[in-house]
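So the protein lines, in turn, are chains S and P. Each residue of the first sequence is one higher than the last, beginning at 66 in our numbering. Each residue of the second sequence is one higher than the last, beginning at 263 in our numbering.
The hints are simulated quantities; they were obtained by calculation from the structure and are not laboratory data. Just so we're clear, the structure is a prediction, and the values are computed from it rather than from any experiment. Keep in mind that a hint or two might mislead.
[Claimed, not checked] Quick list of the computed label-pair ranges, beta carbon to beta carbon: (1) S:Met308 <-> P:Glu506: 29 to 39 Å; (2) S:Gly76 <-> P:Gln602: 51 to 61 Å; (3) P:Asp584 <-> S:Leu139: 54 to 64 Å; (4) S:Leu97 <-> P:Asp609: 18 to 28 Å; (5) S:Met308 <-> P:Leu445: 24 to 34 Å; (6) P:Glu506 <-> S:Gln124: 36 to 46 Å; (7) P:Asp406 <-> S:Leu174: 34 to 44 Å; (8) S:Tyr335 <-> P:Glu356: 40 to 50 Å; (9) P:Asp600 <-> S:Val132: 28 to 38 Å; (10) S:Phe218 <-> P:Asp609: 27 to 37 Å; (11) S:Trp177 <-> P:Pro375: 53 to 63 Å.
[Stated by the list, open to error] To give an idea of the chain S side of the interface with chain P (calculated C-beta under 10 Å), a few residues: (12) Gln124; (13) Gly297; (14) Glu300.
Backbone N, C-alpha and C fix where the C-beta goes; we use that ideal spot for every residue, glycine too.
Residues per chain are reported as follows:
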Amino acid sequence: MAISSTLRGWGFVTPALLWTLAFFVAPFAIMLAMSLATLEGRELIWGFDLANYRRLFGQSFLAGAIVVSLQITLTVTLVSILLAYPLAWIIAFRVPPRWQRLVLLLAILPFWTSYVVRSYSWLLVLSREGIVNKALMSLGVIAEPLQMASTRFATVTGFVHFFVMLLTLTIFANLVQLSPNYRRAATDLGASGWQAFRHVILPLTLPGIMVGAFLTFVLCIGDYITPQILGGNNELTVPQVIMVQLGRRGDFPLAAALSIVLMGLVSLAYLASARWLRLDRV
Amino acid sequence: MNKIRFAQAAGLPACALFGLAAMPAQAQDSLNALVWCDHTDASLIEPFEEAHGVTVNLREYEGTGAAFAMLEQSRPGDWDVLVIDTIDVPRAVEAGLLAALPDDELPTDDFFPEVVMASSNSVDGTTYAVTEKFGYNTISYNADRVDPADLDDLLAIWSDESGSRIAIYDYYLPVIGLVAAGLGLDTQALTADDLPAIREELFKMKAASRSVGEVVASQTALATGEADIIVGGGEWLTAVLAEEQPELTWTIPEQGAVRWSQSIAVLEESQNRDLAVEFVKYIVSPEGQAALATSSCFWGMPANQRAGEVLSDEQKQVLRWDEQDDYLSRTQLYPAPDAQLDVQMQDLWLEMLQH
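Let the sequences and hints guide you as you build the complete structure.
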């Protein structure tokens, strides 16, 4: 009976294990091995050589890509949280329940358009002749058009537009699960509105924030399209450098080393937020 | 440590990275060509398909390194035709990728003599590729906003005094070649010792620039007014916009500029070699050359002068047909670095982008 139960258990688990082995463990092992290989001319030399990692951290323009990626990703994550939380709060507590579904639908509309089209749209909006510059000039705020396209500001704007929607959904899902009695109890015990939010509501909604923030971090730090289109190649992120290695050089070992570093950063982000990553709360 | 062919080593991960779409379908009534975007214009391909009753499957790529990686990860015979930078033909021959072409069937006598480039297209007396199109990496600009006299001195364009909004074409070889020309260097004799001086100019250029972009981004920057000058631009950038925005044009500074040229070749392991050779012959025929020169992706000068019999006067005017003798005499070829210098140049380019 016990053996049969064990076999049945393995029967259920095996497909998932095989899937994970085939589509995560094996590719990761190949990528790791590739990152320890080197390229001599067009010839790949397998081995255990840390040359790609030494090069990665020894050449300022490669290490700089890690710094740029982290700066952009952390900025996007922070700004997206600051914008998404109030939006989610308004939808959860200020919008009548019968309208909430429609408002949420409107909130996620940007997801329905192509990522590339959305990025190019932002490029036009932020361009020298774009609507933002024209509006500011017609209002007399500026005399000359501002350089907004092809900057980090443009990259962050494009990202935030996308990720605010994502975070709004995760935070909203968390907020609507909260019983209003928490706030009432805090208020009854003498807490001000701010104190109730700061000490009761915010900690209880941290799982929603952190799940959204983690997803934002993962998707943002690995994105190639937005910085490529909106950033104007004025600074390179890690995915852009990976694409250069693959597309122009065919340097798979260095690209693999960069990808391992990228995975390392995502893993660190996971460890930093794991305490709050409770999917049952969102 | 054991050495193995890159194809075997990178095969599995490369397939995962590029996707199975990189593998073309095999059929006797179809031709698989690895090309630049200008070959994807239906007006170029359809006449050949109709004449031979075949399908031409096209896959675009960017950069010779990418083409080599795609060829190495493909099965032997997957690809029939390759379009490649003329200066990279010897590398492809050395790698054993290209088949000999019947040079007595190629109309190179009708070509502009400067672009026959037998020293690149032939190795040890055997022709492996034929030039199909050429043009210039120089300075594109908006004539409504920039005085062409300000563009006479190449190095002054990105100097502190310039004040123009410039953008840079994101391809290291032509722009490094252009800077080298500006410094009075021979682009064909560049060494690592020349890189510090080039680096200094590249950094100045980057500091003065608004953006660095590939073909479409560069065209967009110029067309939308985001940039007034594109360093590394040329007729390939502005000709396609000439009808709607005639103010977008190009010039060659006093120091000269860089000449690009692309060649077409048949792959050694092609299983449709006869058809592939026919395709090459069609591309370098006057009709094929005229269609290729005015492709919707980018325009460029046809290598075969007899394309002038097919092109309209307006098209020839946009291509500046009558000024080619002057331009050809004032331009140098792309740099053709060896593998080590190529890596150094690419690192320099990345360093500039990150600067």
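Evaluation of the provided hints:
1. Between methionine 308 (chain S) and glutamate 506 (chain P), the C-beta spacing of about 31 Å keeps the proposed range 29 to 39 Å intact.
2. Restraint check, glycine 76 (chain S) to glutamine 602 (chain P): a C-beta distance of roughly 56 Å satisfies the suggested window 51 to 61 Å.
3. Aspartate 584 (chain P) and leucine 139 (chain S) have their C-beta atoms about 57 Å apart, which keeps the hinted 54 to 64 Å range intact.
4. The supplied range of 18 to 28 Å is met by leucine 97 (chain S) and aspartate 609 (chain P), whose beta-carbon atoms lie about 24 Å from each other.
5. At about 30 Å, the CB distance of methionine 308 (chain S) to leucine 445 (chain P) agrees with the hint of 24 to 34 Å.
6. Between glutamate 506 (chain P) and glutamine 124 (chain S) the CB atoms are about 43 Å apart, so this pair conforms to the stated range of 36 to 46 Å.
7. Between aspartate 406 (chain P) and leucine 174 (chain S) the C-beta distance comes to about 38 Å, which sits within the given range of 34 to 44 Å.
8. For the hinted restraint 40 to 50 Å between tyrosine 335 (chain S) and glutamate 356 (chain P), the CB-CB distance of approximately 46 Å keeps it satisfied.
9. Between aspartate 600 (chain P) and valine 132 (chain S) the Cβ separation comes to about 32 Å, which falls inside the hinted range of 28 to 38 Å.
10. A beta carbon spacing of about 28 Å between phenylalanine 218 (chain S) and aspartate 609 (chain P) agrees with the range 27 to 37 Å that was offered as a hint.
11. At roughly 56 Å, the beta-carbon separation of tryptophan 177 (chain S) and proline 375 (chain P) lies within the given 53 to 63 Å, and the hint holds.
12. Interface hint status for glutamine 124 (chain S): upheld, as the beta-carbon distance to the closest one in chain P is roughly 7 Å, under 10 Å.
13. Restraint check, glycine 297 (chain S) versus chain P: the minimum CB separation of about 3 Å is within 10 Å; hint holds.
14. The restraint placing glutamate 300 (chain S) at the interface with chain P holds, with a minimum CB-CB distance near 6 Å, inside the 10 Å limit.
Checked against the numbered hints above, the structure breaks none of them.
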